[in-house]
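*Asks:* In case you want the letters, here they are:
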Amino acid sequence: MSIIKLFVNLMFIIYYTKMNKIILRSLLFLGLLSHAQSPLPSIELKTLSGQFIKTDDIASNNKLMIVSLWATWCVPCKNELDAVAEVYEDWIEETNVKYFAISIDDSRTSKRIKPMIDGKDWEFEILLDENSELKRSFGVSTVPFTVIVKDGLVVYKHTGYTPGYEDELYEELLKFSE
Amino acid sequence: MLTCFVFAQEETKETSIFKHFKNNLSASYESNTQWYLNDSKFGDFEEEEHLRSTNFLRLDYSISNQFSAGIQLESYAPENLLNNSKLYDKDLGVATYYLRYATKKLDITLGYFYEQFGSGLILRAWEDRALGVNTAIRGARLIYYPSNSIKITTLYGKQRKGFEVSDGDIFGVDAEIDLSKTLGILSSNSLVLGLSYVGKNESYTKADETNTTDIPELVNAVSARLDYTHQNFYTNIEYIQKSQDLRLNNIIPNIVTFSENETFKGSAISWTAGYSQKGFGVNYNFRRLENMRWFSERAQSNANNNPTNQLSVNYLPALSKQHDYTLANIYLYQSQPGLFIESYETPLIKAGEIGQFIDVFYNIKKGSFLGGKYGTKINLNMSYWASLASDFSDPTGIPYFVSDNLTYETEFINFKNKLYTDLNLEVRKKWSKRLKSIFTFINLYYNKSILESKIDNNSVRAWIGVADGTYKFGKGKSLRLELQHLSTNDDARNWMGGTVEYFFNSKFGLYVNDSYNYEDSKIDQDTKIHFFNIGGSYTKGASRFSINYGRQRGGLLCVGGICRPVSQNTGVTINFTTAF
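As you go down the protein sequences, you meet chains A and B in turn.
Quick note: the first sequence uses our numbering, first residue 1, plus one each step.
Quick note: the second sequence uses our numbering, first residue 179, plus one each step.
I should point out that these hints are in silico values taken from the structure, not numbers from a laboratory.
Keep in mind the model is a prediction, meaning the values are calculated, not measured.
Fair warning: there could be bad hints in the mix.
[What the hints assert, rightly or not] Here are the simulated lysine-lysine pairs, DSS-like style, with alpha carbons at most 30 Å apart:
1. A:K63 to B:K283
2. B:K329 to A:K54
3. B:K596 to A:K135
4. B:K268 to A:K135
5. B:K200 to A:K98
6. A:K63 to B:K197
7. A:K46 to B:K456
8. B:K336 to A:K46
9. B:K329 to A:K175
10. A:K98 to B:K607
11. A:K98 to B:K718
12. A:K175 to B:K611
13. B:K607 to B:K528
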């Protein structure tokens with residue numbers, strides 16, 4: 001019974017809150033826009049030594065890259081990076097990709113990044129998005145979030161990590177490396 | 179034939195306009211719905227609205243290479259989720275909007291913007307939807323790059339307050355200078371200097387008109403910071419000084435009054451040093467905060483009325499390890515940055531905190547005895563936090579906890595008033611291509627009487643052990659099993675917990691999770707209740723849908739470095755996020 005009640009209640013909230021009416025319409029409309037190849041947002045990031053660097057400059061210097069948002073406190077993120085770290089050399093060899101692991105750690109945990117990546121022996125390019133500007137412009141609320149960028153355009157997006165997902169990511173990557 | 183051709187051409191033109199539009203628009207939507215249920219153990223849910231939903235729609239459009247604009251709509255229907263701020267109170271409203279002009283040299287934003295100077299100790303306007311925090315500033319921001327090694331940011335505005343803005347104004351200037359580029363130091367070195375000023379102006383009407391104390395309406399803060407990296411070694415230091423400001427007079431919990439006879443300065447210092455090389459890293463951090471809580475509206479400094487830290491000008495998170503496991507999140511340190519004098523019930527005085535933490539990462543090499551075939555990753559982390567050693571006094575001789583003339587002095591370095599210590603050991607081990615595990619051991623001390631302002635003198639010593647294993651079956655199928663135990667003779671005594679999570683493929687997974695406080699104790703709100711949760715998630719591309727049913731523990735909930743008291747509840751939670 002309670003399941004039916006839950007269902008009825010959910011239908012209620014979906015249909016009768018003002019916001020959701022608008023949202024549903026917008027979503028229907030935006031659904032048409034999926035697979036959009038929008039440019040990588042122009043955001044300023046930081047290097048581990050505190051120097052600023054712009055996403056536009058990174059994109060113009062790298063033909064094919066993966067940009068992955070992560071944090072030191074996010075277990076699935078670390079699992080993803082650990083998993084990719086094991087096959088990264090092969091990926092570079094096959095596709096010439098460059099992997100940018102962009103941390104959204106803020107001052108609470110950002111000091112742990114440098115020793116952590118060295119301790120873990122990761123070979124990725126690590127950059128900081130300390131106030132989540134890039135995360136916000138991707139419109140994501142949770143990490144990990146992974147995108148493939150080709151010639152400055154975001155061609156593939158994915159949220160979350162489940163064990164083994166790295167194989168799917170590689171399949172996608174192969175589509176975009178000529 | 180000809181008409182057909184013309185028609186086809188028009189269609190292509192239309193398609194390309196549409197394509198241009200969609201390629202320049204990005205949108206994201208997030209919805210969090212909770213349905214609170216009555217519970218046989220906790221009793222009935224007492225608030226009126228059982229079903230609540232919060233929704234965020236964000237649109238960003240790049241008009242041209244230089245111009246972009248965006249808007250965020252938010253909906254809290256019929257009201258905000260339990261334990262979140264009541265300031266967010268509209269069924270549907272425009273929350274933020276901006277227009278931005280950006281070139282290589284210049285970056286101008288009008289409308290709402292987010293910003294952080296340095297590590298955020300002096301200024302941070304940010305958003306965290308999970309915490310229900312949004313302190314965006316509405317006004318104008320100008321960033322100018324005179325060269326590729328200098329960045330100057332100036333800003334003015336009022337902070338977001340729900341769907342309105344603060345009474346107080348915020349001004350800020352920040353300069354960041356990459357000295358290694360400017361001075362041409364070797365490339366293995368890096369030296370970055372940062373200087374900031376932040377001012378907050380807010381009118382004040384004295385409660386006592388005869389009082390002659392000079393009460394500043396403009397509170398100024400200045401800071402300097404330096405980041406230095408030399409090959410494998412790095413260090414960072416940041417110092418902030420905040421000018422005289424009123425202190426809150428906590429006589430009755432929810433009534434906001436200020437003590438008008440004395441004003442107080444604030445300061446913060448943070449120092450980090452570390453060394454890292456392949457396979458080994460160590461990091462040390464020291465931080466001291468004195469009277470650093472700062473809000474764009476003075477009245478918001480009352481923690482009873484504003485437990486979620488809305489309208490906070492700066493960011494003062496707790497520096498201790500952030501945990502992922504449920505039982506490791508019961509006794510968590512929360513930072514004590516403010517001058518706090520509580521005069522009701524048992525008097526309590528705090529002026530700030532001092533403490534340190536150290537992190538060591540070590541990768542035992544593949545092929546060695548302990549490393550095995552795949553290597554073993556070890557992380558050791560320790561932290562120690564104390565409240566500032568302070569002498570409070572009153573020249574007129576009135577007992578300190580009722581006096582408006584109270585002043586105090588602190589010692590710069592003194593760690594004697596211990597609030598929290600912990601030692602964490604994490605070992606990550608991969609056994610085969612399919613099986614890997616994480617073992618976690620935590621030993622902690624938690625001074626509950628001061629950290630939670632509890633009357634009875636009570637502190638907690640506990641140890642926690644977690645074993646977490648994941649087995650991959652291939653094709654995205656995997657099983658995760660996690661077992662936890664918390665042992666203590668204090669507070670609510672022993673807990674055990676566990677999680678089973680199964681992914682049918684890389685898109686769809688289910689989990690069950692339980693925490694159970696299995697011993698009798700004085701803390702009856704948790705005793706012998708299963709905090710059981712079951713849920714699942716479905717992910718496709720950049721969209722994710724998840725549902726959870728279960729019981730949430732009441733008490734102090736800490737997420738992302740922010741802790742706040744929450745009431746226990748039972749219910750169904752549904753989240754949906756998507757981005758285009």
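*Asks:* So which of the earlier hints does this model not fit?
*Replies:* 3, 9, 13
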